[in-house]
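K.L.:
Chains as they are written, first to last, in the working numbering: chain A, 1 to 1351; chain V, 1352 to 1643.
Think of the hints as simulated: they come from the structure by calculation, not from any bench. Some hints could be false.
[To be verified] Taking beta-carbon pairs under 7 Å as the criterion, some of the chain V residues facing chain A (in silico):
#1 1409
#2 1413
#3 1456
#4 1480
#5 1483
#6 1517
#7 1521
#8 1571
[As the list claims (entries may be wrong)] Straight-line distance between alpha carbons at most 35 Å, and here's what the computed DSBU-like set of lysine-lysine pairs gives:
#9 A:53 - A:229
#10 V:1431 - A:1130
#11 A:651 - V:1434
#12 V:1431 - V:1495
#13 A:669 - A:693
#14 A:455 - V:1523
Heads up, the beta-carbon is just placed ideally off N, CA and C, and yes, glycines get one too.
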Amino acid sequence: MNETSQRGSEGKPQTRTPEGPVGAILVMGAGIAGIQASLDLANSGFRVYLAEKSTAIGGKMATLDKTFPTNDCAMCIVSPKLVEVGRHPNIDVLTSAELLGLEGTVGRFTAKIKQQPRYVSPDLCTGCGSCVEVCPIEVPSEFEQGLAPRKAIYKLYPQAIPSTFAITKRGTAPCRAACPANISVQGYVALTEAGRFEEALALVRQDNPFPGISGLACPRPCERACTRKQVDHAVQIRALKHVLFEHEAKQKGGIVFPAPAPDKEERIAVIGGGPAGLTAACYLRLQGYEVTIFEAETEPGGSLRKLAEKVVPGAVRQAEIDAILNLGIKIHLDSRIQAEEILSKFSLTYHAVLLATGPSRKGKDADQEASDISDVSSVFREFDPVTLQTNLGNIFVCGELALGKKPFINAIGSGKEAAVSIDRSLRRVSLREGRDLPTRLGKPPAEEVDAYREKALLAPQEKTKVVGEELAVEEAGRCMACGVCCECYQCVEACPAGALHHEDREKTVDLNVGSVILSPGFDTVPGDLRGEFGYGVYPNVVTSIEFERILSASGPTSGHVQRPSDEEEPRRIAWIQCVGSRDTTCNRDYCSSVCCMYATKEAVIAREHDPNIEATIFYIDLRAFGKGFDDYVTAAEKKHGVRYVRAMVSKVYEQPENNNLEIRYVDEKGEICTEEFDLVVLSVGVQVSEQVKEQAKALGVEVDPFGFTKKPTFEPLATSRPGVFTCGVFNGPKDIPETVSEASGAAACAGGVLSSARGTLVEESPFQVESSGEQNGDPRIGVFICHCGINISAIVDVQAVAEYARSLPGVVYSTNQLYACSQDNQDKLREIIQEHRLNRVVISSCSPRTHEPLFQETLQQAGLNKYLFDMANIRDQCSWVHRTDNERATRKAMRLTRMAVANVTQTVPLNESEISIRSELLVIGGGLAGMTAAREAATQGFPVVLVEQEPELGGHLRNLRRTVDGKNAQAFLNELRNQVLADPGIEVLTGAVVVGHSGYLGNYSTEVMTSAGTARTVEHGAVVVATGGEEARPEVFGLGSEECVLTQTDLERRIEDDPDGLKGAQSVVMVQCAGSRDEERPYCSRVCCPQAIKNAIALKALRPNIRVDVLYRDIRSYGLIELKYMEARKLGVNFVRYDPETNPIDVSFENGKAVAMVNDTSLQRRVRLDADLLVLSVGADPADTEELATQLKTPRNEAGFFIEAHAKLRPVDFASDGLYLAGLAHYPKSIPETISQAKAAVGRAATILAKESLRLSGIVSYVNPEQCAVCLTCVRACPYGVPFINEDHTAEINPALCHGCGICVAECPAQTIVLRHYTQGQLLAKIEALPEEDEVSRAGEVQNVEAGSSL
Amino acid sequence: MAPEETKEKEAQEEYTYYPGCSLHGTAHEYEDSVQEVARLLDIRLTEIPDWNCCGASSAHMTDHGLAVDLAARNLRIAEKTGKDLLVPCAACFHRLKAAEKAIDAETGRQGGQTPKIGVLHLSDWLRRPESLRKIRDAVKTPLKGLRLVPYYGCLITRPPSITDSEEHEDPKSMDFLIQILGGEAKRWSHKTECCGGSLALGRSDITNALVSKLVKAAVRADAQGILTMCPMCQANLETNQLELKQQDSGHPVLPIFFATELIAACISESMSANRWKAHLVDPQGLLSPLGL
């Protein structure tokens, strides 16, 4: 689906009116939260600046292997979104960015952003990776959690967006900064360490033409500045240079300069043949200029000749001077030039004159030794100390004349600078540009220096004189790589595109935005936070995020599960939960919310990798509180054999013989147990980084002691600063679906405050004109075989498949690519289509489900109709399922490709019809979710019809009194209800039910039966389903029959409405999971633990001496609710664990009171609890939506909750576009969560409602009227009720309504219905291509293949 | 050409010194070796005048106020010197630090304020790179690959809220020491396990079991000896081993060294015949081949 027009936009960016808000939003942090928020905003008419601190978007999700509870590959589901961001015309991605400050107020902010350069031009970089190969600097890869190295020039990960490489620079190394000649010292040291002596010497010569002399006599300012001195002693840099020079002499027999550039016309005179003059002459000559030196002495060399023979042998000096002169420099010896001569003659006959004569005689005794030097200093009045240009323009100075008495290395430096100035002045470009910028010194952080120090202390190295190449390599290895990038410029030479810009500098930009979303994400808690587990000491203790990389096919072990100490496959793996979570000893009092589930997932996936793995998870409470989570855990335990042990591990011991790990814990019987494992994974929690905390402070955004945002309870996505919104873990620990949901909600909030500026700053993507002429001609097919990293290429010989494809009929081009989906390959695809005039494209890669739209869009950009395309799934359906047989998998991949090629030969271009979109929103359900959605949509300017079946608004919220954090829910409800009723943009229909629904995306028509009994038709563009639910009332533990038994909600009402009535209660027993997590209600209702804790605290507040016992299975006080759990325990609330199978609760009733008997595991004995009130946490049921679901054709799960389009990344969407869901209809959730999700539904709906029109898919059914027998089969078969009998008495299918499922095609007895793009011709061609073409000839070879094999 | 940087002559190190009763009694070899190391490395130790019991053995179990006051009196005397206080005994160190924290909490005093001096356990001193460098440069007779496990016990680093240790679960000072003395520091997981010293009299069965576990773990780690910096640990490990050996002749027995004993032996010019006299498990079979 393509947007063609944006509501409110005139097609062109507009300048905003001075008073109105700015139609742009800044999103800080480009993890999945920032990505989703940006896409929603950009798709609903706003310009988005997406700023990210690292060099690529994707955040933590990109580092994960799989995601729970669907086991989807994280990269596979996130990468289409990455690409969508990368190519979105209204999202500007700013990488390596930091928000310095935010001025202004909502509607009109100015954000100051500091951006570090990438040093690689995104316009020129092709992503070929040649630079990476030549880079000598390795650092630990942050993406691989330090488990693998990367180079200083790098791409964060293969699918990274932006796909441009970037260089890590900490600044100029102190050695280079100290060098008067500005030699790239760290660079040649690094190249020396790599044994690349020739490149190293060439690098020296770029800045100093005298490495031989310097290698012996330089005063070594570099070594004085060397950071290594802080550890032991400086790197012997000068000696290295000497070794390089010797190496050249030995290998090449002399000095090798690069050849000068082609001769230029300009002539330059250099007065003085000392180090400065020779240096300048050398570099000018290398540029191709004609250079003439005038030397007063009979020999060139100047001060170099004064160096003692025993320091610099004359032969070395002579060789270096000769080598320079041999570049083609003319020299006049014994030729003293007078000042008048320079002015009268030289400045006219030469294009530039350089004065390099040595010290001035001015003010000095004429009898001095220097008396033979012409006093040329009288020629000029002054000079610029940076450019060395004199007041005379084409006369320059260098050497001692400019510097005074300085060592020869300074003279060399100034000679080089003078040469640069002369060249620039002759090329008529700015002399100054980029030359007087302050130097940012690069130094390793203190911890790194300390680590070096420790090493040096324990293994001290004698300072041995560097002689010979071997010692030189060793000595160079002592360099601490202060700048990270060593500036050896090997990448510059290796880059075929000329994309490198080492001279780029950081920049600060001011962005005008109307609102801001903070989505900075999280860090995982450092593994060594709990020292007793030995992380960082025992090699086989890893963090969960490291284990994700170990599991990942693109990770450091290529998905092979192995342990770090010996690369053996571990058999017994233990997960330790709550490392840096629920731990007051390290200021992580909160629950990290995600660890129980990700550990379960890791255990399951590890066992899928290797069924011999025995997985054990040590946990306190298993917090499977999300939708489908309990099922997932049950499957892990029952189906995958994951063992769960309820115990907090006290310590991990390492076995010295084999690095195995012994875990000590106290089991549920109170026994001390020890168990041995091969690998231990620490389930590390999430935390807000110190940087983010500081940034929040700078922005005036309040955070709690842990760094999570403080916000009003009823505005869960707001911050303390108006106009600044937040989503994701910064807003409290949470998993991906909740993060995505919050992101859409934050987008709604951030867009909502700017709705009047919608469409003012957006650009439309240029519509590509299809070059239809070629499209119908003979097939010219291009085939692209994707490696998918190693997902495919490790099994399938992709090269062979690509070669094979070339032999297929119609194929004119075929190639294989590492990732066909990466942005650079998408660009290439476009070029190849145009260059080879392709009119059909086949991509053999992953699933069309995730990637087809991406490739099709690229086709359109190349001017090709998007239906002239097919994908062969050689990953999910080939490499993934045939891991053990590479050869046959390769043949299958060929076959699948062959079928796709056969298919595309039959394809034809299809037209997509355009439909207009209505801007009204229908909200079904008038509870908290529905009212919030209605308000949000009305604020955004979309007319709303709110339908509620009850006579009044409010839903289940009417039964609640307080939020978990104690806020008054009824006051809020009343306020919200009044706002909804007063809002002119909202039409409220109470006592009304939906009785009919028809139409299609953007043009729905819904029949509502109102309370008056009249039917009403609502026309609207999208729907939010917010039908809610209620507290269950299962007949368990005497509920409904005994007066002393009530539900948590009953209790909540009594605490608030009738506190005196509770005065008589001495003891209260609460039973969690009553009628929940059982056969009837197999899911966790999520809200009951927090509600029980809330009520227990309220009871204690009412009567401090009241006894409250909470009988629980797992306390699921996820996220910051954990703090409330702690508060309850501190108030004296008892929590006693039971288990319906092994330790059930026995409830009886005596004299109107309840008696609960249960084994208290902490006491190891049976206890009797007498209760005045028995309060049941009964769980939540969804409203009865069976009829509504049928009308909307929206799926529900067994429990009656609606099923979202994708559990991970589309949590508020229905599979059909234009339908969204929120609140209890989706799954039980808290009040703030419901508000977030309702806003999210509006954020998503806005991406449709904000548009004026849309284009529809071309894949629709079409009835050929001539053969139609009007048998009505299609009318009955269609699940969407689309076909109808038209006026001409034939069946007709409205393309705008058709879902393209093809059922009518299969059913039609006359075979007169065609599903476009899946025509009979296409399918037959595919089938014909199915059999192995050489099956007969290969019969002998493959005779052992059983019949019916999947290959 | 450039002159090499000249090393500044370091000023003499000076500390106030609190020996405590152990070092004047059962662990006099610890005291002797501490004094010898100080002498050889030119460190001036001035014993606190008129010091009293730190309160470790019984006061802190019976009376919180008394436990703090006993140690606090020593601190107040030491503070008058203005020099940091060096404490070799782990238990004394622990009490003195606890008193320091109690005073800080009571008075709102913070680090860096006067009058306030640092309270250092010997391992804190050893952890400083300059101390290790000093020792390294003074080694005359190295340990030549002697395999040792460093054993810190409970009180030197834990709890960090008292000791201010930054590596309370995995202290490293003795690990480094062993290496710079030329020995091999074996990795083991028992650096900070409890030896049961406080139960030695009342529940020797528990102490025996804990010591046995430690010695066996050291042997599994392929160590030839155990290095300590706590007089209770040293005495407890040594004596209980012999008892264990009596009960089971196959039970391993390892020499238990004070860290300072080995420093002194390695950096001393001459070999002292009496150096190992106080050891119940004679280490000379291990050391004499190394010339120690």
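K.L.:
Does each hint fit the structure? Answer for all of them.
P.N.:
Now for the hints, and whether the structure bears them out:
Taking 7 Å as the C-beta contact cut-off toward chain A, the hint placing residue 1409 (chain V) at the interface is violated, the least distance being around 29 Å. Contact between residue 1413 (chain V) and chain A, as hinted, is not supported at the beta carbon level, the nearest pair being about 28 Å apart and thus beyond 7 Å. At its closest, the beta carbon of residue 1456 (chain V) sits 19 Å from a beta carbon of chain A; the interface hint therefore is violated under the 7 Å criterion. Given hint, residue 1480 (chain V) at the interface with chain A, holds; its Cβ is 6 Å from that chain's nearest Cβ, closer than 7 Å.
Nearest Cβ of chain A to the Cβ of residue 1483 (chain V): about 6 Å, under the 7 Å cut. The hint holds. Hint status for residue 1517 (chain V): violated, given a least beta-carbon distance of 10 Å to chain A, over 7 Å. Checking residue 1521 (chain V) against chain A by beta carbon gives a least distance of about 5 Å; that is within 7 Å, so the hint holds. With a cut of 7 Å, the hint placing residue 1571 (chain V) at the interface with chain A holds, because the nearest CB-to-CB distance is about 5 Å.
For a cut-off of 35 Å, the pair hint linking residue 53 (chain A) to residue 229 (chain A) stands: about 32 Å separates their Cα positions. Of the pairs offered as hints, the one joining residue 1431 (chain V) and residue 1130 (chain A) is violated, with about 44 Å between alpha carbons and a cut-off of 35 Å exceeded. Distance restraint check for residue 651 (chain A) and residue 1434 (chain V): the Cα-Cα separation of roughly 38 Å exceeds the 35 Å cut-off, and the hinted pair is therefore not satisfied. Between residue 1431 (chain V) and residue 1495 (chain V) the CA atoms are separated by roughly 43 Å; this puts the pair beyond 35 Å, and the hint is violated.
Our distance criterion of 35 Å between C-alpha atoms is broken by residue 669 (chain A) and residue 693 (chain A), whose separation comes to about 43 Å. A hinted pair counts as satisfied when its Cα atoms are at most 35 Å apart, and residue 455 (chain A) with residue 1523 (chain V) qualifies at roughly 13 Å.
Checked against the numbered hints above, the structure breaks hints 1, 2, 3, 6, 10, 11, 12 and 13 and satisfies the rest.
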